[in-house]
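Participant: Residue numbers (the working numbering): 34 to 134.
Hints are all accurate, no fakes.
Distance condition first, Cα-Cα at most 20 Å in a straight line; then the derived SDA-like pairs of lysine to any residue:
| id | residue 1 | residue 2 |
| --- | --- | --- |
| 1 | Lys111 | Arg123 |
| 2 | Lys93 | Lys105 |
| 3 | Lys111 | Val100 |
| 4 | Lys36 | Cys48 |
| 5 | Lys93 | Ile132 |
| 6 | Lys80 | Leu68 |
| 7 | Lys35 | Leu47 |
| 8 | Lys105 | Ile94 |
| 9 | Lys80 | Asn57 |
| 10 | Lys36 | Leu47 |
| 11 | Lys80 | Thr91 |
| 12 | Lys58 | Asn81 |
| 13 | Lys58 | Arg75 |
Taking CB as the label site, the calculated pair distances span:
| id | residue 1 | residue 2 | range |
| --- | --- | --- | --- |
| 14 | Gln64 | Asp108 | 30 to 38 Å |
| 15 | Ala63 | Val122 | 19 to 27 Å |
| 16 | Phe44 | Lys80 | 42 to 50 Å |
Keep in mind that the hints were calculated from the coordinates and are not lab data.
None of the values given here were measured: they were computed from a predicted structure.
The beta-carbon is built from N, C-alpha and C at its ideal position, and this holds for glycine as well.
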Amino acid sequence: MKKIFILCLCFLLLCCPLSVFAENKPNVRAQGAVLMDGETGRVLWGKNEDTPLAMASTTKIMTAILVLEEGKLDDMVKVSSNAANTAKVRMNLSVNEEIRL
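Could you build the full structure based on these sequences and the hints that come with them?
Facilitator: See below:
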């Protein structure tokens, strides 16, 4: 009796179709994105992954990390003309002005 029950159960499981579906592609509003396997480096999904794009705020974050790790917050630094005249940045700094890091 037990063998017949197991045989019927196996038969039913083999006859039942398995539902398999794929999720829709991610809806990413960014100009570019990459989903990568961290261990192998294999790109799993990408949007404009080969197109050169501006690094956005990554440079600001890296600058802040470097300042915190390597600099002394009491150090004085001189404002360059490039930094003083940067568009979209309003810190009211003058060229050659010395400010605390």
